[in-house]
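Enquirer: Here are the chains, one letter per residue:
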Amino acid sequence: MRFNAQIYGPGFPSVGAAIDVEATETGIRVQTNEVDDGTPRWGKITLAKSGWDGSQLRLEWTGSAGVYSLASGDALNNAAIVKLAAGKSTVRPSRPDRATRAWAHALIWFFIGVPVLLVGAIVWQHDRIIAWGVGLITVEHEAKLGEFLFTQQKTGLKLIEGDALAMVRDIGGKLTKDSRHKFQFFVAEDKTVNAFAMPGGYVVVHTGLLELAETPEEVAGVLAHEVQHIEQRHSLRSIAQSLSLSAVVSVFLGDMRGLASLGGDLLQLKFSRDHEIEADREGLKALVAAKINPVGMRDFFAKMAAQSQLNPGFLVTHPPSEERMNDIDRLSKALPATARQVTPLAYDYAAIKAAISRQR
Amino acid sequence: MQFVEVELDPGEAAMGEAGSMFYMEADIEMETIFGDGSAQQTGLMGKLLGAGKRLLTGESLFTTVYTSKASDGKRKVAFAAPYPGKIIPIDLSQIGGTFICQKDAFLCAAKGVSLGIAFQRKLGVGFFGGEGFIMQKLEGDGMAFLHAGGTMHRRDLKPREVLRVDTGCLVGLQPSVEYDIKMVPGIKTALFGGEGLFFATLRGPGFVMLQSLPFARLASRIFAAAPMSKGGGGSGGEQGSILGGLGSIIGGDRD
Ligand SMILES: [Zn+2]
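Order-wise, the sequence lines are chains A and B. Take the first sequence: its position 212, counting from 1, is numbered 212 in our numbering, and each next residue is one higher. Positions in the second sequence are counted from 1; adding 360 to them yields our numbering.
There may be inaccurate statements among the hints.
[What the hints assert, rightly or not] The calculated lysine-lysine pairs, modelled on PhoX-like cross-linking and capped at a C-alpha distance of 25 Å, are:
{"no.": "1", "chain 1": "A", "residue 1": "Lys191", "chain 2": "A", "residue 2": "Lys353"}
{"no.": "2", "chain 1": "A", "residue 1": "Lys44", "chain 2": "A", "residue 2": "Lys88"}
{"no.": "3", "chain 1": "A", "residue 1": "Lys144", "chain 2": "A", "residue 2": "Lys177"}
{"no.": "4", "chain 1": "A", "residue 1": "Lys353", "chain 2": "A", "residue 2": "Lys174"}
{"no.": "5", "chain 1": "B", "residue 1": "Lys471", "chain 2": "B", "residue 2": "Lys436"}
{"no.": "6", "chain 1": "B", "residue 1": "Lys434", "chain 2": "B", "residue 2": "Lys471"}
{"no.": "7", "chain 1": "B", "residue 1": "Lys471", "chain 2": "B", "residue 2": "Lys429"}
{"no.": "8", "chain 1": "A", "residue 1": "Lys49", "chain 2": "B", "residue 2": "Lys542"}
{"no.": "9", "chain 1": "B", "residue 1": "Lys518", "chain 2": "A", "residue 2": "Lys49"}
{"no.": "10", "chain 1": "A", "residue 1": "Lys44", "chain 2": "B", "residue 2": "Lys518"}
{"no.": "11", "chain 1": "B", "residue 1": "Lys463", "chain 2": "A", "residue 2": "Lys49"}
{"no.": "12", "chain 1": "A", "residue 1": "Lys44", "chain 2": "A", "residue 2": "Lys83"}
These aren't lab readings, by the way, just hints derived from the structure by calculation. All of these numbers come straight from a predicted model, not from anything done at the bench.
Construct the entire structure; sequences and hints are all you get.
Expert: Listed below in structure tokens is the structure:
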């Protein structure tokens with residue numbers, strides 16, 4: 001076969017010269033000044049992959065005048081040359097020394113592997129990581145965080161006092177008697193039917209919710225549910241979750257908007273279905289323990305679900321589900337008869353509701 | 361500082377990176393073409409491929425072709441480098457028709473020189489070569505002009521001759537030159553060496569072009585020195601103190 005190559009060596013320009021090469025079974029033949037140097041046998045030639053991108057084939061041999069080198073860039077020719085020389089020429093592997101390679105691989109795996117692992121872990125074991133992180137937060141820290149968040153949110157709330165607040169605080173107190181948190185209950189003037197819990201023990205009930213409820217027991221049901229969101233640290237977890245997600249997004253997009261916007265969305269934090277069911281179940285237990293008729297919770301949530309078109313507020317932040325409704329229903333019915341033998345909460349609820357609508 | 365002035369006979373053309381044109385005489389028509397402007401790019405697919413390659417090298421998608429429409433003699437068009445440095449001509453017909461250069465080193469060329477890309481295939485080199493992951497491939501038989509920071513230095517490597525250079529200092533090389541990235545040996549260097557942890561090993565035969573002051577190095581020194589507006593104290597090297605002084609003059613703060 002014949003091929004074109006760039007030749008370097010004695011008698012050739014330092015930038016090489018284009019040359020026609022003949023390759024046979026025995027070796028190659030090129031035109032050189034020292035005639036004998038131009039016909040090396042394959043056994044004298046060293047082959048190596050070369051060039052900046054490894055696309056060149058280098059044929060190197062030593063003649064009487066010095067070292068000659070051929071560079072061929074045509075892939076098809078190179079394959080044919082390698083075939084001819086197979087088993088006869090020395091093939092020099094072009095690769096970095098071992099130490100460099102080991103380092104390079106270690107660093108590549110470090111730079112690629114660590115972020116991939118981190119993201120993978122965050123995505124795959126998200127819940128566990130959040131739970132672990134949340135577990136590290138002490139009650140004192142949570143109280144401080146809650147205070148900070150609540151102070152921020154408070155500016156947007158129109159908190160009111162009066163009999164309604166007194167009742168909410170009273171019922172709340174019964175539900176949180178043995179809590180490690182220092183609970184604080186508030187009533188906010190807002191006609192949307194909603195209530196929310198913030199880390200550290202802050203529970204806020206909208207007047208809209210109080211107006212929809214028909215008995216103090218229904219209000220107690222909602223409060224019991226909200227209190228459990230805090231007791232079970234759902235609020236903390238939701239915050240950690242959206243924080244960690246926006247942190248990941250921020251790191252990857254190099255953009256802090258995700259983190260910055262979080263503050264405004266705190267009230268819109270959604271709880272997962274599991275969290276809702278847990279809050280329901282634990283809330284029911286707390287109601288029974290506080291000797292409050294637990295049926296109020298079921299009644300109120302059923303009413304909420306029926307009115308979901310009209311009052312989406314609470315349902316947005318506390319997603320309802322059929323499973324959840326069935327669950328409450330089943331648990332309420334399964335309660336021992338003693339659990340229902342409770343004294344009704346003695347508040348003049350009609351007067352409280354009247355006072356709320358007067359205040360508006 | 362230098363610039364390149366190209367004399368065009370009637371009908372002759374040159375091409376340059378969009379944005380590197382310095383001046384041009386009357387009767388020269390500028391045409392911005394999609395792709396890399398090489399002659400063999402016919403058909404939409406070829407153009408798209410050329411454009412795609414340019415997108416990968418980070419260059420603009422368009423090359424500008426300057427064609428003389430004069431009928432009565434030569435016309436001139438000039439190209440200038442975007443930062444201080446040196447410009448050198450490369451006659452592709454004298455070096456075997458192909459040259460591989462850093463992607464931002466290309467300034468201008470006669471039409472018929474095609475601009476392609478050359479990909480680094482070794483993962484380690486690609487990862488640590490920084491600038492040198494994707495290079496530009498100049499092919500054809502015309503003149504091409506490269507520019508580089510500081511002084512341009514040419515080395516003709518003999519067969520088996522080895523030269524080690526900072527990866528950023530390599531401007532271009534003949535395709536016959538073997539290229540590899542090596543790490544500066546020793547764990548101490550690895551941990552405390554900071555910049556210059558890797559260097560390129562070039563093995564002959566073939567010629568290589570080197571630059572004494574890569575733009576990235578200049579930029580990083582300027583950047584490092586710029587915020588120090590309170591005089592040159594504690595800035596380390598002499599560039600630091602000079603630029604520190606400059607910074608404080610600009611800041612109007614000389615206490
Ligand atoms: Zn809930």
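Enquirer: With reference to the structure, classify each hint as holding or not holding.
Expert: Comparing the hints with the structure gives:
1. Lys191(A) - Lys353(A): Since the Cα atoms of Lys191(A) and Lys353(A) sit roughly 13 Å apart, the hinted pair holds (cutoff 25 Å).
2. Lys44(A) - Lys88(A): With a Cα-Cα distance of about 9 Å, the restraint between Lys44(A) and Lys88(A) holds, given a limit of 25 Å.
3. Lys144(A) - Lys177(A): Holds, at about 21 Å.
4. Lys353(A) - Lys174(A): Answer holds: Lys353(A) to Lys174(A) is near 21 Å, not above 25 Å.
5. Lys471(B) - Lys436(B): Holds, at roughly 15 Å.
6. Lys434(B) - Lys471(B): 16 Å, holds
7. Lys471(B) - Lys429(B): 15 Å, holds
8. Lys49(A) - Lys542(B): 17 Å, holds
9. Lys518(B) - Lys49(A): 17 Å, holds
10. Lys44(A) - Lys518(B): 19 Å, holds
11. Lys463(B) - Lys49(A): 23 Å, holds
12. Lys44(A) - Lys83(A): 16 Å, holds
Hint check: no violations occur; every hint is consistent with the structure.
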